[in-house]
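A.B. asks: Sequence:
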Amino acid sequence: MTTTIALVTGANKGLGRETVRRLASKGWQVYLGARDTARGEAAVAELVADGFDVRFVALDVTSDDSVAAAAGTVKAAAGRLDVLINNAGIGGPRTAPADTRPDDLREVFETNVFGPIRVTNAFLPLLRLSGHPRIVMVSSGVGSIAVITDPKWQGLLPPALGYPTTKAALNMLTTMYASGLPDIRVNAVDPGYTATDLNGNSGFQTVAEGTDAVVAMASIEQDGPTGGFFDRTGTAPW
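When you read off a place in the sequence shown, starting at 1, and then add 6, the result is the number in our numbering.
Possibly wrong hints are sitting among the right ones.
[To be verified] Keeping only pairs whose Cα atoms sit at most 30 Å apart, straight-line, the calculated DSS-like set for lysine-lysine is:
| # | residue 1 | residue 2 |
| --- | --- | --- |
| 1 | Lys32 | Lys19 |
| 2 | Lys32 | Lys81 |
| 3 | Lys19 | Lys81 |
[Claimed, not checked] Computed Cβ-Cβ distance ranges for the label pairs, DEER-style:
| # | residue 1 | residue 2 | range |
| --- | --- | --- | --- |
| 4 | Ala104 | Leu135 | 22 to 32 Å |
| 5 | Glu116 | Arg45 | 34 to 44 Å |
| 6 | Arg112 | Pro165 | 36 to 46 Å |
| 7 | Thr212 | Asp110 | 25 to 35 Å |
| 8 | Glu47 | Gly161 | 36 to 46 Å |
| 9 | Ser185 | Phe115 | 17 to 27 Å |
| 10 | Leu135 | Gly161 | 45 to 55 Å |
Hints listed in this document are in silico derivations from the structure and should not be mistaken for laboratory results.
All C-beta atoms, glycine included, are put in the ideal place defined by N, C-alpha and C.
Construct the complete structure from the given sequences, taking the supplied hints into account.
C.D. replies: Structure, rendered in structure tokens:
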């Protein structure tokens, strides 16, 4: 049986690292992408020590050169890519909308929106060499207009322009990629409120629970869904 080859961006800790571990536990060969080489290699060393086939690849989603080099590394070593998981993301500023300027949002858009576009574009040639290519966009429930406008959440989520807006954009990117790439299964996932550094570990879910939807969409069959938004319980509202 041919080994499934996967790449996870932003994977030296949190949801990304747990995604790598869970996919590798299925017998997959997984590339752990991280912009911090020392932290990435340390994470890989721990996973390899546990018996997993995990390999480090330096990957800064905000850099054309870094992403191109990462694609070259995977191509030379594996020859193709079956699963791309665009997980890398940052929180962005929490300033009030009235106090937010365009320059305040450039970094979060560069990472959370342009990053997935940059990585997807660079790895498409390798995905097209797979017999069953899949892309998973790690989004968020705060990028769902239906969730944000639900009265039960009023007052619980302070308004901010950065992170929610980038995740809403990522949801639309998922829809457009799914439409434009009919030969690839492309889906977005909402991990749920998970304890990670992104929220000061205040989330009530474990990283294992937070990766349920990611792993599920990474593991879909060839007739599986595409162009959807899912959480660990099923379909999530846009």
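A.B. asks: Checking each numbered hint in turn, tell me which of them this model violates, lowest number first.
C.D. replies: 4, 5, 6
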